[in-house]
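Based on these hints, arrange chain B on the given structure of chain A.
Residue numbers (this note's numbering), protein chains in the order written: chain A, 1 to 999; chain B, 1001 to 1214.
Calculated from the structure, these hints are not laboratory results. Since the model is a prediction, treat every value here as computed from it, not as a measurement. Some hints here could point you the wrong way.
Claimed, not checked - Have a look at the derived ranges for each label pair, beta carbon to beta carbon:
id, chain 1, residue 1, chain 2, residue 2, range
1, B, P1048, A, A512, 43 to 49 Å
2, A, P843, B, T1027, 28 to 34 Å
3, A, V68, B, M1155, 40 to 46 Å
4, A, R964, B, P1048, 56 to 62 Å
5, A, V68, B, A1090, 27 to 33 Å
6, B, Q1047, A, R536, 44 to 50 Å
7, A, Y867, B, L1060, 54 to 60 Å
8, A, R964, B, A1090, 55 to 61 Å
9, A, R964, B, Q1047, 55 to 61 Å
10, B, G1023, A, P751, 48 to 54 Å
Claimed, not checked - Computed cross-link-like contacts, EDC-like style, restricted to lysine to aspartate or glutamate with a CA-CA straight-line distance of at most 20 Å:
id, chain 1, residue 1, chain 2, residue 2
11, A, K676, A, D887
12, B, K1046, B, D1104
13, B, K1107, A, E76
14, A, K70, B, E1150
15, A, K676, A, D856
16, A, K70, B, E1122
17, B, K1046, A, E351
18, A, K795, A, E716
19, A, K676, A, E890
20, A, K893, A, E142
21, A, K893, B, E1122
22, A, K70, B, D1063
23, A, K70, B, E1154
24, B, K1046, B, E1150
25, A, K672, A, D856
26, B, K1119, A, D887
27, A, K274, A, D393
28, A, K875, A, D856
29, A, K70, B, D1104
30, A, K701, A, D856
What the hints assert, rightly or not - Some chain A residues flagged as far from chain B (calculated, every beta-carbon gap over 12 Å):
id, residue
31, A144
32, G237
33, R613
34, E736
35, E928
The C-beta atom is built at its ideal place from N, Cα and C for all residues, glycine as well.
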Amino acid sequence: MTNDRVFWRSLEAKAQPEQARERATGSDVVKQSIDAPGLIRLRRRQFLSLSGAISALVGIGCSIRRPVEKIMPYTEMPADVTVGVPSHYASVLTRRGEALGVVVQSSEGRPTKVEGNPEHPGSAGGTDLQAQAALLDLYDSERARTPTLQGAPRTYAEVDAVLAELAGQLAASGGAGLRVLSEPSLSPTFVRLRAALAAKLPNAVFHTYAPVSDSNERAGTQLAFGRPLLVQHRLAGAQVIVALDSDFLMTETGSVEAARGFANGRHMDSAAGKQPNRLYAVEPTLSVTGSNADHRLSLPAQSIAAYAKALAAALVGQGISLGALDSELGRPELAGVASPWTLAVARDLAEHRGASLVIAGSRQPAAVHALAHAMNSALGNVGRTVVYVTPVDAEEPLHFPDIASLARDMAAGKVQTLLVLGGNPVLDAPADVQFKEALAKVPLSLCLSGWRHETGELCTWHVPQAHALESWGDQVSRIGAYSVQQPLISPLFKGRSDTSLLAALLAPAASAVSERDPYLLVKATAAMHGADDERRWQRLLQRGVGPRNVSQITLGGLSLQTAAIQSALRALPEAAQLGLDSLEVVFLADNKLLDGRHANNAWLQELPDPITRITWDNAALIAPSTAQALGVASGDMLRLTSSDARSIEIVAWVQPGQAPGSIGLPLGWGRKRGGKHALGAGFDVYPLRTSGAPHFTAGVKLAKLGTRYPLSQTQEHDVMEGRPIALDATLDAYREHPNFGQRGSPDPSPPPLWKTQDYSQGPQWGMAIDLNRCVGCSACVIACQSENNIPVVGKDQVARGRAMAWLRIDRYYVGDDADQPEVAFQPVSCQHCEQAPCENVCPVNATSHSPEGLNDIAYNRCIGTRYCMNNCPYKVRRFNFLNNNLDIPETQKMVHNPDVTLRFRGVVEKCTYCVQRIQSSKIAAKREGRELKDGDVVTACQQACPAEAITFGDIRDATSAVSRAREVDRNYALLAEVGTRPRTRFLGKVRNPNPEMVG
Amino acid sequence: MQLFRRSLNHLPLALVVGVGGLGAALTVGIWYYFSPRNLQVGYTPKQPIPYSHKLHVGELGLDCRYCHSNVERSPEAMIPPTQTCMGCHAVVRPDSPRLAALRDSWKSGNPVPWVRVHKLPEHAYFDHSVHLPAGVGCATCHGRIDQMDEVRLEMPLAMGWCLECHRDPGPHLRPQTELTNMSWKRDEASTVLAAVSVAAAGVRPPEHCTGCHR
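Pulled out of the complex, with its shape left as it was, chain A reads as follows (with noise of 0.2 Å):
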């Protein structure tokens, strides 16, 4: 009874019962009823509770109240702004090697969706996961905002004060005593700066170092051609494809552009289409790439140098031979490998000279990029399926040998000045040099990074570095294209960058800012590559993308240097012996976070990885059978102990396709410092990772901790088991039943359980999904999520089954072989279907269907019943259980979409086939006084694709590209035998195996 009383005042009466009974008692209000007996007790009780309530609600009106809004117009309305419709600015920014170039929308002076620029090459519109995450990147609310000396905050001014009295010292030395240290650029206004550094300070020395990057690229062309030069594939035009080690869909460079031209080798209009590709995956890990191949080796990484060679030698056989070095292969046995591997494979490329391919891949060898671009060169392939380009950066140093080399350097204290210009070298440079020991015997270093992480906390001075979107900067692609990358958005935390970091060592305070300013200075670059004036500038800055510079490109022409082919693959290290005992352990790029910069991305740590399905962590990836064999099961946590005695610890995961004897480690995770997502995600990985051996080494040995570590996976079930959802057939069983889709479900299309609509007026909407396309990269899952305000829950939610990603990538399993399984991608999101089950259930009519076909939700009418979430059969309906978007910083706030509502708890969200998106074309279609045609309307998931696997539009209009793709014989509807009639088709996937090495 007290406690009631107690309850109804205030948390401190709560705290202290016996005052609060005393201040209740010797309130006047009901001091004349306190001599009464019992029944005045009751009513005092009554009348305190009573007047509680009233005032407790009082207050809350009173201070809760709606308050009355504000509007602030302008006072100086700018010219390009009409407020309320978003601007679009080209850019551009990089991902490993390649530049893609980006049209970033831009709402109210903030940049809010990312899309690829179809005019740049390195992109054709395309995108991947990490340019659609760019944006939460850049709104991270823990990026460092102010320069800090020894973890004390400072201004810029004391920065560039600092860096005055820097340029002077160095520039009377000659720069001795200066290290520069910056990742491999593609910037020619960096590269320019850098040479003119470097010219004036002669005694400095300049280093380039990331860790996962494609030096064994340039090392492998310098080898085969006596020069540097970068691999550039043309996948269109490939019928069949090697790729060795290389997962050229996801994480290589350049996988923008060639999921573009994968997806168009192996696109079939029909069955009497053209041949579609064949691609030839051998790898130790089941990447993207080998989850598309049509058939998959698993070998671990130390043997793929000999089975290239074996490859080599079967080619050789077939009568395509490779100079002096034929007698260098051997014969074409490796013991352990189906002799179909190199036999049939190498009659396959033979069968196809001038159009085929094949790739070596990052984590390779100098020697087996010299082996393929040499097998490449015998089958006639250069300047039809690869061509070969100049780099930017021709100096650019192998990045291993030369960290290495500062380590040491600065561990002997040659160095007195270290600047550090992005890169994190504390938590990535290899284990044996030693880095971050080093760096305490340099007396000056400076970091330049957008967190204040490993490097930047133990580096004297931290500078914030601004991001590509909020900086100018310039980038060329592989092929020459020159881009400019521009600014959408003020310096959030007034950041630096590289270039003005490099200009203020160049030139004194004292002189033209044009030589500081590094919008002048990219102009002056940009003028070199031709935009010359004032118009040819603006243009530049249009368009997104200059004219391609094809002077870089080198056709054919090239000699191979077979001395030095063969001495490099005489000296290549035999394969070690592979045990329980002594297991491989491979160096990975993670699929979604690259080498680690990405790791306080929240978007990108929910989304499920590709291929293991896992969110906010990483695992070590185990075969099947040598998980048997060792008795490790996914979730337990190990020790890994290399042959130099360091170790790790982490969780690991049993991986249908992981090589057996060789252990696949994500990079980039288990950070120490970058932000609150990055800190106890995952297990770093990079101390076990030495310069002598950073992509892959034997000889590591696992034990078993004995504990366990929960991991959050988002689809756990990982076959079909027999159900007809993601179709697909060979080709021959194409040939043969063009209709494979519709034949998968057992009745394709039952009677309408309901009174059908009229559909008879408007735009009705429709999608088509090509599973032959789809890669599986999942940049439209990321593009959905920045497009439509989509939360992150966290990974104890996503534990729970509460993701809330509208558009997921189901990933299955197919086949017997737990080691060498055929696995197959399917985006599902909501079908829009006409006779949708969700509406019928929804107690509060929250959820309806719209005259132009699709399923139309009102978030403010959902009061979370969910009872249309459990009769969905596709299960792509999302509830928010918590309030996702409480507590957001400011700055986070803004990577919101302006035209999408944000959902509070207690609603039910899904794809709306982005109905802000087709209701601005229909808007303005009708402003301008036409009919809406086909492209007005372009989904994010749509424009995201790299692979062109999307296509949406109106399926009245039979001309539109949607309703012919929904046309394709191998076209089917989702368990359309539940007679929902999806909006959505399928187009199945086509497998094309080579039939000498079938059954």
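Structure of chain B alone, referenced to chain A:
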């Protein structure tokens, strides 16, 4: 033997009174909370500058689009920037004390904090620019602004009220030349005109949820 104390005889009455009172209080409270003054018809807030539409539009004859210039291009009609006002008031009554706040805004660069009169909830995405080609005049939703010294909320702007027109737009439309003519009245001839234009102009106002709620 009595199971309950005598004093509890009054409990039922007390409960009815208490619960009834509580229910009444709750109802009143919730009703009060969900009926803020700024969403009621007749709401006429005090604006920081006593701008009179009656003077500028009614007497001087300024067209709506002179200031609310984005109404044909954008979802938001836009309150004019200080620059628009200063276009005239740099020379017209440049020293008027009533325009002091305007001049301060121009000099300092701080916006004039106008009080919003026509407010839709944030989950309703209203687009001005599509209503104009359809033939909806400004006065249809905003009332006779040209007769208001202080802007007043004339129409409820509730979803039901919007749907009345969306379900039968014909009677509420006017010719394209009369969109900003506040005093335009429908007559017999134009009723016929409106009916024709609805069909011909392809006016198809959405009645489904995602027409306005995204």
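Hint by hint, here is what the structure shows:
Judged by the Cβ atoms, the range 43 to 49 Å given for P1048 of chain B and A512 of chain A holds: they are separated by roughly 45 Å. Range check, P843 of chain A to T1027 of chain B: about 23 Å between beta-carbon atoms, so the 28 to 34 Å window is missed. One distance hint, 40 to 46 Å for the beta-carbon pair V68 of chain A and M1155 of chain B, is violated here, with the actual separation near 19 Å. At about 58 Å, the CB distance of R964 of chain A to P1048 of chain B agrees with the hint of 56 to 62 Å.
Distance hint check for V68 of chain A and A1090 of chain B: the Cβ-Cβ separation is about 30 Å, which falls inside the suggested range of 27 to 33 Å. The given range of 44 to 50 Å is respected by Q1047 of chain B and R536 of chain A, whose C-beta atoms sit roughly 49 Å from each other. Here the CB-CB span from Y867 of chain A to L1060 of chain B is close to 59 Å, well matched to the stated 54 to 60 Å. Checked against the hint of 55 to 61 Å, the C-beta distance between R964 of chain A and A1090 of chain B comes to roughly 60 Å, which is consistent with it.
At roughly 56 Å, the beta carbons of R964 of chain A and Q1047 of chain B sit within the given window of 55 to 61 Å. Separated by about 51 Å at the C-beta atoms, G1023 of chain B and P751 of chain A satisfy the suggested range of 48 to 54 Å. Pair hint K676 of chain A plus D887 of chain A holds up; C-alpha atoms about 14 Å apart against a cutoff of 20 Å. A hinted pair counts as satisfied when its Cα atoms are at most 20 Å apart, and K1046 of chain B with D1104 of chain B qualifies at roughly 18 Å.
The hinted pair formed by K1107 of chain B and E76 of chain A meets the criterion: a straight-line CA distance of about 11 Å does not exceed 20 Å. At most 20 Å may separate the alpha-carbon atoms for a hinted pair to count; K70 of chain A and E1150 of chain B meet this at roughly 16 Å. Distance restraint check for K676 of chain A and D856 of chain A: the Cα-Cα separation of roughly 36 Å exceeds the 20 Å cut-off, and the hinted pair is therefore not satisfied. Among the hinted pairs, K70 of chain A with E1122 of chain B is consistent with the structure: their alpha-carbon atoms are about 14 Å apart, no more than 20 Å.
This hinted pair does not check out: K1046 of chain B and E351 of chain A have alpha carbons roughly 83 Å apart, beyond 20 Å. For a cut-off of 20 Å, the pair hint linking K795 of chain A to E716 of chain A stands: about 15 Å separates their Cα positions. Of the supplied pair hints, the one linking K676 of chain A and E890 of chain A holds, its CA atoms being roughly 16 Å apart against a limit of 20 Å. Simply put, K893 of chain A and E142 of chain A have alpha-carbon atoms about 13 Å apart, close enough for the 20 Å limit, and the pair holds.
Annotation: proposed proximity of K893 of chain A to E1122 of chain B holds, straight-line Cα distance about 16 Å (limit 20 Å). Restraint check for K70 of chain A and D1063 of chain B: the C-alpha separation of about 24 Å exceeds 20 Å, so the hint is violated. Taken as a hint, the K70 of chain A and E1154 of chain B pair is honoured in the structure, with Cα atoms around 19 Å apart against an allowance of 20 Å. Taking the CA atoms of K1046 of chain B and E1150 of chain B, the gap is about 8 Å. The hint holds against a cut of 20 Å.
Between K672 of chain A and D856 of chain A the alpha-carbon distance is near 44 Å, which puts this suggested pair outside the 20 Å criterion. The suggested pairing of K1119 of chain B with D887 of chain A is violated, with an alpha-carbon distance near 26 Å, which exceeds 20 Å. With a C-alpha separation of about 40 Å, the suggested pair K274 of chain A and D393 of chain A falls outside the 20 Å cut-off, and the hint is violated. Restraint check for K875 of chain A and D856 of chain A: the C-alpha separation of about 16 Å stays at or below 20 Å, so the hint holds.
As the CA atoms of K70 of chain A and D1104 of chain B are separated by approximately 18 Å, the hinted pair is consistent with the 20 Å bound. A threshold of 20 Å between alpha carbons decides the hint, and for K701 of chain A with D856 of chain A the separation of about 56 Å lies outside it, so the pair is violated. The claim that A144 of chain A is not at the interface with chain B holds, since no C-beta of that chain comes within 12 Å of its own (minimum 29 Å). No beta-carbon of chain B is positioned within 12 Å of the beta-carbon of G237 of chain A; the least distance is around 43 Å.
Interface exclusion of R613 of chain A from chain B stands, the closest Cβ pair being 30 Å apart, more than 12 Å. Interface exclusion of E736 of chain A from chain B stands, the closest Cβ pair being 43 Å apart, more than 12 Å. Remark: the non-interface label on E928 of chain A conflicts with the geometry, its nearest Cβ contact in chain B lying 9 Å away (cut-off 12 Å).
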